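Enquirer: Residue numbers (the numbering used here), protein chains in the order written: chain A, 26 to 395; chain B, 26 to 395; chain C, -9 to 340; chain D, -9 to 340.
To be clear, the hints were calculated from the coordinates, so they are not data collected in a lab.
The model shown is predicted, which means the values in this text are computed figures rather than measured ones.
Among the hints, erroneous ones may be present.
[To be verified] Per label pair, the in silico range of CB-to-CB distance: (1) D:202 with C:246: 37 to 47 Å; (2) B:344 with C:24: 21 to 31 Å; (3) A:116 with C:24: 23 to 33 Å; (4) A:309 with B:57: 48 to 58 Å; (5) A:184 with B:83: 44 to 54 Å; (6) C:24 with B:390: 57 to 67 Å; (7) A:364 with B:185: 54 to 64 Å; (8) C:24 with A:304: 54 to 64 Å; (9) B:375 with C:229: 43 to 53 Å.
[To be verified] Just so you have them, the derived chain C footprint on chain D, three or more residues with Cβ under 8 Å: (10) 4 to 13; (11) 239 to 247; (12) 284 to 293.
Positions of the beta carbon are idealized from the N, C-alpha and C atoms, including for glycine.
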Amino acid sequence: MKHTDERNRPVPPLPSTEPVRLVDRHGLRVSHSFFTAPDHKRLAELHRAMVIGRRFNRQASTLARQGRLAVYPSSTGQEAAQVGGVLALSDQDWLFPTYRDSVALVAHGVDPVETLTLFRGDWHAGYDPHRHRCAPQCTPLATNASHAVGLTYAARRKGRDVAALAIMGDGATSEGDAHEAYNFAAVWNAPVVFLVQNNHWAISVPLRTQTAAPTLAHKAVGYGMRGYHVDGNDAAAVYAVVAHALAEARSGAGPAIVEALTYRVDPHTNSDAPQRYREDAEVAYWVDRDPLTRMEALLRREGVLGDEEETDRILAGYDAEAEKVATAVRERMAGEDELDPASLFSDVYADVPPLLREERQTLVDGLREA
Amino acid sequence: MKHTDERNRPVPPLPSTEPVRLVDRHGLRVSHSFFTAPDHKRLAELHRAMVIGRRFNRQASTLARQGRLAVYPSSTGQEAAQVGGVLALSDQDWLFPTYRDSVALVAHGVDPVETLTLFRGDWHAGYDPHRHRCAPQCTPLATNASHAVGLTYAARRKGRDVAALAIMGDGATSEGDAHEAYNFAAVWNAPVVFLVQNNHWAISVPLRTQTAAPTLAHKAVGYGMRGYHVDGNDAAAVYAVVAHALAEARSGAGPAIVEALTYRVDPHTNSDAPQRYREDAEVAYWVDRDPLTRMEALLRREGVLGDEEETDRILAGYDAEAEKVATAVRERMAGEDELDPASLFSDVYADVPPLLREERQTLVDGLREA
Amino acid sequence: MTRTPPTPPASSTTEITMGAALNQALRDAVAEDPDVVVYGEDVGPLGGVFRVTDGLSREFGADRVFDSPLAESGIIGTAIGMAMYGLRPVVEMQFDAFAYPAFEQLVSHLAKMRNRTRGTVAVPVVVRVPYGGGIGGVEHHSDSSEAYYTHTPGLRVVTPGTPADAYSMLREAIACDDPVVFLEPKRRYWSREAVELPVRTEPMARSVVRRPGDDVTLVAYGPMVETALEAAAAAAEEGRSVEVVDLRQLAPWDDSVVTASVRRTGRAVVVHEASVFGGYGAEVAARVSERCFHHLEAPVLRVGGLDVPYPPPKLEHLHLPGVDRILAAVDRLQWEAGWTSASDAPEVGA
Amino acid sequence: MTRTPPTPPASSTTEITMGAALNQALRDAVAEDPDVVVYGEDVGPLGGVFRVTDGLSREFGADRVFDSPLAESGIIGTAIGMAMYGLRPVVEMQFDAFAYPAFEQLVSHLAKMRNRTRGTVAVPVVVRVPYGGGIGGVEHHSDSSEAYYTHTPGLRVVTPGTPADAYSMLREAIACDDPVVFLEPKRRYWSREAVELPVRTEPMARSVVRRPGDDVTLVAYGPMVETALEAAAAAAEEGRSVEVVDLRQLAPWDDSVVTASVRRTGRAVVVHEASVFGGYGAEVAARVSERCFHHLEAPVLRVGGLDVPYPPPKLEHLHLPGVDRILAAVDRLQWEAGWTSASDAPEVGA
Ligand SMILES: Cc1ncc(C[n+]2csc(CCOP(=O)(O)OP(=O)(O)O)c2C)c(N)n1
Ligand SMILES: Cc1ncc(C[n+]2csc(CCOP(=O)(O)OP(=O)(O)O)c2C)c(N)n1
Ligand SMILES: [Mg+2]
Ligand SMILES: [Mg+2]
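So that you can see chain A by itself, here it is in the shape it has in the complex (with noise of 0.2 Å):
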């Protein structure tokens, strides 16, 4: 007989604090005990989202900066987390992302202008989710993680092989729904990766001042979840244990948590004043490992892409690819969208009750009088 004092549940294996690393900041390959780098073609298709997102998170920021976005979250610096994370997805997979993820979005095919709709203050969410597989941007710190929790456990119970992928800053895995979510997605075995962005701060918070963890992957233990601790400026390093995190997850073995070691480059939104809590000489230090670069090395230095007059024309190309995202966000930008006043009753419920329709006539009414 079996009581309740035996238990056996293995501690899982603790998460290294040397984050894993693909490929350094010079672009060489580091060898690693148990991860390997995608092959060629990914590598390529992560460098091209990277070079895109790049160029998308330096206009999406000129617009903010210009007062056509409200505001904007920019990721620079980030690319290759968001980017390593978002291609791991198989089709059928979901996308929980933050404000922050607008690169992640577009890697994960949202129409790039769709995903600045909420910045734009147009709309709350600008593209449909069911569509795209991918929940609204969210706000509210760490409260996208439970979602991504049920939405594995409904497919799971309508027999889809669904896997979900919950991104959340370092700021957020303090916040109690981090907590709750790792936890039933552990204790309901819920294929989700929560890809932890540690950036190193939250707004002007530093990482000291969020945890004294050894590593934010080591949260994973107390829920008897696998962390990975990633260099998360090395895109192939974070597809690969994204990759193999979803794979596991899919297989039965359960939720993970990946904590992406990256830096954010610029300040929080075009409004913070990162130079009231940080020194410039840290952030040159992150530049100095910037994602884009050290994936331009490799592909280069490995012939990834061809030889070197096609590599200068594949990337050329990228770059170019990138400049039409930019503009085609700039020109669509340019306009002011039609919204209509009457739109604001007719989504909050099912149907649109007696108070909502007295309100929408007043509405409607006194907007045609003035």
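We have chain A; now place chains B, C and D with the ligands onto it with these hints.
Expert: Chains B, C and D with the ligands in isolation, oriented as in the chain A frame:
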């Protein structure tokens, strides 16, 4: 220059999955590589407090069955965990108990009748928290834990050497508030020991539905805290581990989680129906590991209290004391306390605002008429 | 969106309690729609601390009815995720004060998901919340939290006052594509009514007149419906004809039944357990005062809990509105001429 | 309980913004009372996302003013513990929707600790909450959550409408032995007033008449005080004398100033940003309707936010009450005879 990715946080020692045990269920000493049982005097005190606690639990349960308490959550079977934890506190330390911890309160010096005020329905808290350095019994799960962190923080700022013991159940560890409190404590290096009484059930929910963690003590790792997993039915072990953790915390080594493995032998409260969710055999298994039986066996075998005759006399003395406590509780519970309706309004705010003065007047007038 | 044919009705001609009606509603919903799942704290083998889910996990398996970790925000959060993928989760918050940890998920996500996504993502989650006092519960077990939810656009907030409504409204709530905060008046779990299940009462969005009357309108909901009816019966003996309206759906509120009643009677008292100040009754009183202004013979009064934290069991009878306080308020409705503004008396605890 | 002698006043004769007034209030409080600590998310070196704590951590050190982990429930919970041991923590919730994770600590502990312990444990915590909209913030950044707090006995809920009040009320809140939810109208952080600090205005528990008038009483608070004054000025041009009352302390509410005003004017409009349904205005309207019944020439109207989730930036102007909507409501106050019940119009969005 130090940069953001250079972490110097040590990985805290992993709790062993074998609980710390110093006295086995037959009352035989077990040697441990690190912890040693307290001295004879302490062992006797622990036993005495457990005997009183057990009797108190029984008396209160009877009163609840008789309808003289609105409800009583008995801790029969958990006396070692509560008493062992509380006796490890120093004079200036604070206790943050839950509804389950009446025995802890009594051992801490709170008047037994006052510990029952809440359950009798006379008022919410029956004792003066400042006088007893003891927060009100806490019902919203895990919410008392951050109070403990804040209190020790304040004490340190005022230059006082105050540690705190915050008690919670296994179920409560799933709440976001547990996480936030652990994290604040670790980041602030607060001298708080979180005593998790893992009694294997959260009302009807078994531990396996609560967590997939190897042990609840492993949760400490993710906060950079020390975690201890201890046989919660071994008062000597609980005492030794909590005392050690408190001493460490006080010395600046930071907070700790102590998981005391025990069992709720009685129903969750008198209105629970445990036959719906657990088997008698499981209860029997744990009754066989009773904390009082084993301590008495140790005391007798080792002649801790003296020779056989003396031992009998002293143990009979404990029983008599316990009986006195029970009698006093019974008697003082017999009458009805005079409850002043106007008192409903006295302590809502520091003063009684106009709105409440009006309501008080209306109420008092209404009662006078009736 | 109830996609499978109904199972043969579990018929019952005897009296049934509200708890049993809710239980049957859950049973029928789970049986009929494979997308319905029921979970929360202790709703599995124990059948919930009030036994509302009694027998369900045995009957349908832990696949459909199950216990979850003890974390309310996680419960609501996972339910949102499930609903996003087509399930219809029915979750329980064990007592209403224990829904507070989930407040952010309720207000910032559950209430807004449809709106944020322009209607593309519906979240048909039912959040069952046993609410109110009167059961001798110790602190934190007797809150009336409806005002927090009814002020949150996007949430549908309903509360049944009778066993038949409990059945019908819970079925309707589960079938509804909106998130529903389903407030169960816990002290009425043991109230009985002779009703044959399944029963379909008026749509939950409509308030109903529970007892017709001509002199004054008593507006009540949830646990206070029974009390209001008792008060009306007592008033009848004194020759006063009291109409009792049971609101049922508190938000979004269709005020037509109440305003029609008050325009006819000219007098109104709103009753609830929650503290009066800023309570749901304020909305009813404000709206009725505005919309029936020229029909009112007297100010709209409110009878509710005192503006203090919910008292301990031995004092809760002083807090909760009873027949006496309702009748006292009715008596204050300026039935005679000669009322002057100087007599303005506080409306609480009357 | 302010135990040290006041430091020499930081004098300022020029115009000062509300943000600067709050900053000075914090600075003076920290300087004068060693038990005051200020913490929360980004309140340290950054000075808060609205710069209300600008310079404080540099001036007083991380011992007194500091950043905490990002966890609102933990922030309130630790503040409660600190207050239990004699500190006076002033914590910040970065935006009001981000106070929701702390709802349980606010409602079940902070509000009730004194009451639960029969007055033996006071918890003088000030919870600063930048609230309301009008700043073009994306979703979750513009909620008006006052109704959740004002319905919670035990919490003192205050909100300043002017820089002078911001200073004085924050000082008073920090010195107060009750927990105070201090709602800062974030869109007014940049509003200016010529005032010399330190200033001591009326006690916060008292509402004040900001502009006297005879024809109608406009009841406003927080961000709407300025708007109400603009509306009153515009109305004056049309020959209507509008009195503006600034509520200041919303709970517990002393209605005497408002009821005295309305008994005199006979007409009232309550204005707030929050959604009208179940909003704080319902309490004001219900109470005024009851207590001033025989003095009212017209129903008490409410002007507030639409009953929808807070809209995106480009549509928020349709949601927020402005001068036009206030004046439209004033116009509907039955200034002519001939009003009939058939003309009952919704009061929202007017
Ligand atoms: C519950 C909650 N509290 C506070 C905020 C305000 N806020 C927005 S972003 C942010 C910092 C988040 O830091 P992190 O999680 O590390 O993500 P990052 O912005 O660095 O990507 C804060 C405090 C919020 N959005 N939600
Ligand atoms: C926030 C919250 N949710 C739910 C409850 C209802 N409740 C009271 S005790 C309990 C079980 C707690 O289990 P555990 O933490 O293991 O403590 P134990 O009762 O076993 O001592 C539950 C669910 C509560 N008190 N607080
Ligand atoms: Mg960050
Ligand atoms: Mg337990």
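Enquirer: Holds or violated: 44 to 54 Å for the Cβ distance of residue 184 of chain A and residue 83 of chain B?
Expert: Holds: the Cβ-Cβ distance is about 52 Å, inside 44 to 54 Å.
Enquirer: Looking only at beta-carbon atoms, does the pair residue 344 of chain B, residue 24 of chain C fall within the given range of 21 to 31 Å?
Expert: The hint (21 to 31 Å, Cβ to Cβ) is violated, given that residue 344 of chain B and residue 24 of chain C are roughly 59 Å apart.
Enquirer: If I claimed the Cβ atoms of residue 202 of chain D and residue 246 of chain C lie 37 to 47 Å apart, would that claim hold in this structure?
Expert: holds, 40 Å
Enquirer: Is 54 to 64 Å respected by the C-beta to C-beta distance linking residue 364 of chain A and residue 185 of chain B?
Expert: holds, 59 Å
Enquirer: Is 43 to 53 Å respected by the C-beta to C-beta distance linking residue 375 of chain B and residue 229 of chain C?
Expert: Given a distance of about 47 Å, which is inside 43 to 53 Å, the answer is holds.
Enquirer: May I ask you to test the hint 48 to 58 Å on the CB atoms belonging to residue 309 of chain A and residue 57 of chain B?
Expert: holds, 51 Å
Enquirer: State whether the coverage of the region 284 to 293 of chain D by chain C holds or is violated, taking the criterion as 3 or more residues with Cβ-Cβ distances under 8 Å.
Expert: holds (count 8)
Enquirer: Could you say whether the range 54 to 64 Å given as a hint is met by the Cβ separation of residue 24 of chain C and residue 304 of chain A?
Expert: holds, 58 Å
Enquirer: Has the region 239 to 247 of chain D got at least three residues whose CB is nearer than 8 Å to a CB belonging to chain C?
Expert: With 3 residues close enough to chain C, the hint holds.
Enquirer: Given the hint of 57 to 67 Å, is the C-beta distance from residue 24 of chain C to residue 390 of chain B inside that range or not?
Expert: holds, 59 Å
Enquirer: Starting from the hint 23 to 33 Å, judge whether the C-beta atoms of residue 116 of chain A and residue 24 of chain C obey it.
Expert: Holds, at about 25 Å.
Enquirer: Against chain C, does the region 4 to 13 of chain D show at least 3 residues with beta-carbon separation below 8 Å?
Expert: violated (count 0)
Going through the hint list in order, the structure does not satisfy hints 2, 10.
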